[in-house]
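Asks: Below are the chains, spelled out letter by letter.
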Amino acid sequence: QQQVRQSPQSLTVWEGETAILNCSYEDSTFNYFPWYQQFPGEGPALLISISSVSDKKEDGRFTIFFNKREKKLSLHITDSQPGDSATYFCAAGGPSSFSKLVFGQGTSLSVVP
Amino acid sequence: AQTIHQWPVAEIKAVGSPLSLGCTIKGKSSPNLYWYWQATGGTLQQLFYSITVGQVESVVQLNLSASRPKDDQFILSTEKLLLSHSGFYLCAWSFWGGGAETLYFGSGTRLTVL
Chain A
138 QQQVRQSPQS
148 LTVWEGETAI
158 LNCSYEDSTF
168 NYFPWYQQFP
178 GEGPALLISI
188 SSVSDKKEDG
198 RFTIFFNKRE
208 KKLSLHITDS
218 QPGDSATYFC
228 AAGGPSSFSK
238 LVFGQGTSLS
248 VVP
Chain B
231 AQTIHQWPVA
241 EIKAVGSPLS
251 LGCTIKGKSS
261 PNLYWYWQAT
271 GGTLQQLFYS
281 ITVGQVESVV
291 QLNLSASRPK
301 DDQFILSTEK
311 LLLSHSGFYL
321 CAWSFWGGGA
331 ETLYFGSGTR
341 LTVL
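Residue numbers (the working numbering), protein chains in the order written: chain A, 138 to 250; chain B, 231 to 344.
These are calculated hints, taken from the structure and not from any lab test.
From the three backbone atoms N, C-alpha and C, an ideal C-beta is built for every residue, glycine too.
Don't take each hint at face value.
[Said to hold, decoys possible] Restraint ranges, calculated between C-beta atoms of paired labels, are given here: (1) A:Ser247 <-> B:Thr342: 24 to 34 angstroms; (2) A:Pro219 <-> B:His235: 24 to 34 angstroms; (3) B:Lys243 <-> A:Ser211: 38 to 48 angstroms; (4) B:Gly252 <-> A:Asn204: 17 to 27 angstroms; (5) A:Gly231 <-> B:Asp301: 19 to 29 angstroms; (6) B:Thr270 <-> A:Pro145: 17 to 27 angstroms; (7) B:Gly252 <-> A:Asp216: 37 to 47 angstroms; (8) A:Gly220 <-> B:Val245: 30 to 40 angstroms.
Start from the sequences and build out the full structure, keeping to the hints where you can.
Replies: Right, here's the structure in full:
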């Protein structure tokens, strides 16, 4: 059962445009949603995260929008740069400290100069 | 600052041969440790986790085993590799704070089974 879904699978934007990456989940007990950025040949790194008590989280050019009722969230990358080209994973976690993070399939982002 | 080191960086192994991958965490006492597997272009699948020395929990069955011989060391192994074991293996530690658990990944080991 795939509990976290991401779309699109791949996305290409021009430098300076806003990239929008989507994520949805099924389990209503999930209350923590981190996004990880992974460059080829490297391990993923935490980019930005949001808890279910917020509907928006901003960090520089990266913003998460969260809709708890629809169980959807999106990552907006404004003024996209070629260095943002990477795979982005949405994940969802539960309320306990040993909850297993469930990862989506990832969105491969390419930013064209 | 915490550092996580994985070894080797890459391995090419034959089907049926044994495997041992390692991970060391420095700068963090008694960390929660994890092994993840990632197929090429795929998602991250948690394999094992450990909250203390000598204790390892299996999440999925992939004919792999894990051990935690020291507080800062996590080992992934198998006696007989399968073609399906090919992929990217990631060790991670987690930090619990602010009501959430954050994972920090190592740089991974690329395994090719021929």
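Asks: Are there hints from earlier that the structure breaks, and if so, what are their numbers?
Replies: 4
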